[in-house]
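J.: Sequence:
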Amino acid sequence: MRLRLWVILFAIAALTAFVILNWPVFIAPTPLSLGFASYEAPLGVVMLALVVGMSLVFAAYMAVWQSTILMDARRQAKEIQAQRTLAEQEETSRFSELRTTLHSEFEQMSKRLETSQLALSQEIRDNVNSLAAILAEMDDRAKPHP
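Position 75 of the sequence shown, counting from 1, maps to 114 under our numbering, and the rest follow consecutively.
Take the hints with a grain of salt, since some may be wrong.
Said to hold, decoys possible - Across the chosen pairs, the derived CB separations fall in these ranges:
id, residue 1, residue 2, range
1, L159, E118, 56 to 64 Å
2, E118, W45, 33 to 41 Å
3, V85, L109, 30 to 38 Å
4, K117, P68, 55 to 63 Å
5, L141, I119, 30 to 38 Å
6, L141, R113, 58 to 66 Å
7, A126, Q147, 27 to 35 Å
8, W104, W45, 14 to 22 Å
9, R41, E130, 34 to 42 Å
10, F97, P68, 26 to 34 Å
11, L157, E118, 52 to 60 Å
12, S77, F57, 45 to 53 Å
13, T140, K117, 29 to 37 Å
Everything labelled a hint here was simulated from the structure, so no lab data went into it.
Computed from a predicted model, the values in this text were never measured in an experiment.
A virtual CB, placed ideally from N, CA and C, is assigned to each residue, including glycine.
Throw the hints in and build the complete structure from the sequences for me.
T.: Okay, here's the thing in structure tokens:
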């Protein structure tokens with residue numbers, strides 16, 4: 040348990056022991072003045088009732104305060120979870136968009152590469168044909184004509 044709880048329990052135990060040990064003095068009648076009227080009542084019991092009443096009011100206030108804090112924490116946790124979910128959805132969306140973009144770029148590059156390969160193959164064929172024609176012409180020139 041927390042230290043604070045132990046201190047409160049010790050204070051209550053000490054107050055209870057004090058009341059039990061001094062009970063005859065607590066219940067001794069004493070004249071009390073409220074300003075507009077005078078009464079004879081046991082001052083110890085009146086003061087003890089005031090202490091118990093104030094303690095109950097304080098405990099109720101602390102319970103309300105604690106429940107308010109817990110409700111705020113729960114609300115904030117829900118908001119954080121909603122923000123986290125939204126961020127994950129946005130991240131997933133960005134990854135999907137990136138995947139789509141990369142796929143389209145890859146397709147474009149594949150088409151360009153294929154076009155380049157076809158053009159290169161055609162150029163090589165043209166060069167081979169041209170070279171063959173040049174070699175044939177040189178061969179014809181190199182042969183003696185009768």
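J.: Taking the hints in turn, state whether each one holds.
T.: Results for each hint:
no.	hint	verdict
1	L159 to E118: 56 to 64 Å	60 Å, holds
2	E118 to W45: 33 to 41 Å	36 Å, holds
3	V85 to L109: 30 to 38 Å	36 Å, holds
4	K117 to P68: 55 to 63 Å	59 Å, holds
5	L141 to I119: 30 to 38 Å	32 Å, holds
6	L141 to R113: 58 to 66 Å	42 Å, violated
7	A126 to Q147: 27 to 35 Å	31 Å, holds
8	W104 to W45: 14 to 22 Å	21 Å, holds
9	R41 to E130: 34 to 42 Å	41 Å, holds
10	F97 to P68: 26 to 34 Å	29 Å, holds
11	L157 to E118: 52 to 60 Å	58 Å, holds
12	S77 to F57: 45 to 53 Å	27 Å, violated
13	T140 to K117: 29 to 37 Å	34 Å, holds
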